[in-house]
Structure formats: structure tokens, C-alpha cells
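Chemist: So you can see what is in the structure, the chains are spelled out below.
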Amino acid sequence: MGGKKIKSVSYAKYGYIFSLPFVLAFLIFTAYPVLYTAVIGFTDLKGLGKTDFKFLENPFQNFIQILKTPSFQESLGNTVLIWTVNFLPQILLALLLTAWFTNQRQKIRGQGAFKVLFYMPNIITAATIAILFSTLFGYPMGPMNDLFKLLGLSQEPINFLNNKTTARMVVSFIQFWMWYGQTMIVLIAGVLGINPELFEAAEIDGATSRQVFFYITLPSLRTIMLFTLVTSLIGGMQMFDIPKLFLNGGPDNATLTVSVFIYNQAFSGSYMYNRAAAASMILFIIIVVLSAILFYVMRDKDAAKLKKEIKKMKAAQKAAAKGVQA
Amino acid sequence: MSRKPEPLAGRAISKTIKYIVCIFLAILSIMPFWIMFMNATRSTYEIQATSIALLPSTYLESNWKVFHGKSFNPLVGFKNSVIIAVFTTIVNIYFNSLTAYALVAYQWKLRQPFFSFIMAILMLPAQVSSIGFYQFMYRIGWTNSFLPLILPAIAGPGVVFFMRQYLLGALSIDIVNSARIDGAGEFYTFNRIVLPIMKPAMATQAIFTFVGSWNNLFMPLILLTDNKNYTMPIMVSLLRGDIYRREYGAIYLGLSLTVLPLFIVYFALSKYIIAGVALGSIKE
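Residue numbers (numbering that gives the first Met the number 0), protein chains in the order written: chain A, 0 to 325; chain B, 0 to 283.
Hint data in this document are derived by calculation from the structure and do not stem from the laboratory.
Quick reminder that beta carbons are idealized off the backbone N, C-alpha and C, glycines included.
One thing to keep in mind: the hints can contain errors.
Claimed, not checked - As a list, the in silico DSS-like pairs of lysine-lysine whose alpha-carbon atoms are at most 25 Å apart: (1) A:Lys106 with B:Lys17; (2) A:Lys106 with B:Lys69; (3) B:Lys69 with B:Lys227; (4) B:Lys227 with A:Lys49; (5) B:Lys270 with B:Lys198; (6) A:Lys12 with B:Lys270; (7) A:Lys67 with A:Lys45; (8) A:Lys306 with A:Lys317; (9) A:Lys106 with B:Lys270.
As the list claims (entries may be wrong) - Quick list of simulated restraints, FRET-style, between CB atoms: (10) A:Asn162 with B:Pro55: 12 to 22 Å; (11) A:Asn247 with B:Ala169: 40 to 50 Å; (12) A:Tyr10 with B:Leu278: 52 to 62 Å; (13) B:Tyr44 with A:Asn158: 37 to 47 Å.
To be verified - Negatives, chain A to chain B, calculated, CB over 12 Å: (14) Leu96; (15) Leu191; (16) Asn252; (17) Gly268.
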């Protein structure tokens, strides 16, 4: 051990050298652009091809104006709504499938094939999926209209995507459809990571499948579910490809998300980089605050629960000891 | 307490329900793509009559002619996407493996803080820097270049994390030490001895990096304005425009062409991809 330590001291500089490309790339392509975006938010930078700017007299003017813009407020509401409507069924279905696929008493055959098919939509280009779905919901003719006619649900062709609620629900559905497979695989991996002795103990105690799931599997998945929730939230708040290409934010701003709003501010119309930058920073702050809240709430409960469990275990141990003595 | 066995009939019913749900979801995954592939071989007239078909027709060639005859060449998008995705994958895997090695093999003062830093930026939302990034690239004349799409991949915190976890389990420091005794330089040791050990982890991460880069729309859409630089997703976005208005066969064919390579890669490597998703999730 001692010899190794002396050697590693002389090699320490390679730790820095080998990390250098990462650090440089991060500083140049991430850190600097984030700061630059923040700065642009306080300036008058707009117009195609402009790069020079002056700071505004009221530095927060862009931020105030963005917060007052009705379409920004709408986009924020849409983003939260579309994400929530996609995430709740997504995590519930993923949990249900996880319970089925990890149930040792009733094995499901062809699990491998099911996993492959459920995950598949996730790797297909979102741009393609957006346009594919807008074609599937075509009006007056399209596969979805044909299906409705076939099932006798409607005689007249329906212009699905002209309805604000339907349009939002379809975007939510696409997100759900693309991601539940991924969430399921992550949760199954989480279950496989649980100490098998816990399951054996439950088996010996005669617990039912349902009891095992609710009292062992679910509590053990807390950390992984928190992780899934936070990554999904961060991704969902930046949702762009599907809403942009599916209906370009329409109809009547119903599927306009914050990222599409930012894109439209900066790269169309009057090229308001300053407003887009201010909106980006607002989005950034919202994401940080939401993530922090989630981590705080979940962690606190976890710790409290753990304390309770430990108390229970101690009580149980005492009781057991008494039982042995008796 | 003794275990009550569930009644046999109840078991059979619950099992049937499970299979029905799973098969339904499987069909839900396949159906949109199936309709797409079939319609790519059908004439616009056929599609307008009935847009759902389970069997192919014979108009693939004429759809291709319509598709290819317009003002842009989809093969250009394919080529650009391949170039960007391949180089992104190479720099991403190589440099982040190098960083992971620095974190595992050397004792340096800032090692632990640096690792905490990587964990902190793991979840940094990428899109919030896009305006500054675009302005920066515009100023130095890098719009319409592939470099701003490739070089940022050198810093991929997720890959560093994954590679570090792998190295902690797979790398024995004795191998490194014996290479040192044989007089190998540190850089040589990494390239010739450590990299081959990391091959399985690199393959998994390479698939995800490649697919991620291939599917990326936001950054290329902002940076690439010249249509000879367009990537595949940008080309796809043009299918919505006026060029193909009522040529449904051609639209479905165009969509199919973007999905086909991903399908081939996915079904050939699905075992590794599913395993990779599962492995990547365990962050403790």
C-alpha cells in the first residue's frame, strides 16, 4: 500500500491533464453560453444577424415583458399540463408492468420481446414521430378517421387536431408512448437491485404478491422513482421536437410549449434574442426550483420514514428477544 | 400465518389479462410504424381510399420518384447526419472515458470535488443556454459548421459517470502498474491497455450517443441554415411543408426512410440497448 501511494503522488498531474479536455469543452460550450444567455436577457439584442448589444436602462425590462406576455403564460401552462398528463399514466403503467414482470409466482413469457417493443418508440427520431402522428390524425382522410369509421364511433370525418384539448392530449399521449417503456426498464432494474433476502423473508412469512409489491418493492424504489421524476420533469419542461413539428404550437397556441415559444421568439418574426434569453433564464429558474422542491420533499420523507423503520425494527427485535426468552 | 393459495380460476384470469394488456401495448408500439411502412408502398389514390392497410402495395418505386424529384436530396441529410453522429460518438466516448480514467486511476487533490461537480452538472438543462450558444457561434462564424454540433460532446457528464462506475469494477491497478514498470507512458497505457478493457461499456454508451445525436433537432435547426448542411431530422421537418402537399405516398416513404436505419440498428442491438438503459439507471 505504502509503495503505491508514493508512486501515485508522482502521477497525480495526469489526473488534471486527462480531465482537461472535459473541463475546457464544458467551459467553452456550456458555462460560457449559459452566462452569455443570462447577459443577453438584460440587453436590447434583437434582429437577424445582430451580435452587438447595449444594456437596457431598466435591466429587468425583458423579464417583466416576458412574464406579462399572454402566449408565454399559456406556454408555461401548456408545458406543465402536457407533462403532467403524460407522466402520471406513464409512471403508473410502468409500475404495473414492473410488478407483473418481476412477479416470481406468475412469470410472463416473452418478457424480452415485450421490453424490446415497449422501448422501441423511444429511439425513433422524435421529429419523424411528430410528423407521422400528424399524418395519422389527418383530416378529412387519415388512418385515425378510418379507424373511427371502422369502429362505428363516427360517420363524419373528425378534424381531431383542430380541437385544443384533443391536440394537447395527443401530444401528451406521444410523450407517454415514447417514454413508458424506458421508465419500466429503469424500474425493473431497480427491483432487480433490491436485496433478494427481503423477498425471501416475505415469501417465508406468507405475504401475497400484492403485499410484497406495496410493502417491499415500492418503498425500495423511492430513490429510483425520484430520479425518474426529476429527469422526466427536466426533459418535459424543455419539450420541443414533438410540439414544434406536430402542430407548430397550434391550434390557437394549445400545444405551444416554453421551448417552442423561446425558439419562435429568437428564430422567427423579429428575432428577439433578448426576450428569448430572458424566457430561457425564467425556464432555468423554474426547473431548478421545481427540482429542488422535489428533492427536498422526497428526501425529507425518506429520512423520516427510515427513522420510523429503524424504531420499528428495534421494537421488533426487542419483542423477538422477549419471545426467545419466553 | 399460512399462505392461502389463490384459486386456480382467478390465476388463469389474471394471467390472461396480463397477456392481453402486454399484447395490446406491443401492437400500440408497432401499429403506427406498420401503417407508415405499408403506406410507403401504396399510391396516394389508394391511401385516400383507405389509409390503413396491413399489406403492402406496388407503388414503392413511383413514390420514390415523387419523393426524390423535389428540390432537395434526402441522401444529403443522411450523409450529414452520419458524419455528425459518427464524430460526436467518437469524441464523446473517447474524451469522457479519459476523464473517467482520471477519476479512477489517479490520486489528485481535486478529484473528489471534480466528481461532485460532474454529478451537479449531470442534470443541467441543455436548452437554457441555446441563445447564448447561437450568438457565440454566430460571432465566430461557426454557424453552418458541424463543429458546434460535435465538439460539445467532449464534455458528457453522464458518460463520465457511467464509465467511472464501470472502471471501478473492471480496472485493476496492477495492470496499470505493470505497464508502468515496462516503461509505458500514461497516455500509451490508457490507449492500449485501459481502452480495450472498457470496450463493453463504450459500446453501450456509443449506441446511445449515436442515436441521441442522430435524432437531435433543436441545435441543428438553429445552427444549420444552408440546405446542403441539413441533417436528417431537419429534412423530416420539411415533409410537413408545402412541397409534398397531397403526395401521401411520398410523405410516408420519406418518414420510413428515416425510421428504417434506426429499426435495423435497434433490432440488431436491442439486447445491449435494453441492458444499457437498465445499467444507466442505477445511480447511487
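Chemist: Find the hints from earlier in the document that the structure breaks and name them by number, from lowest to highest.
Modeler: 2, 6, 10, 12, 13, 14, 15
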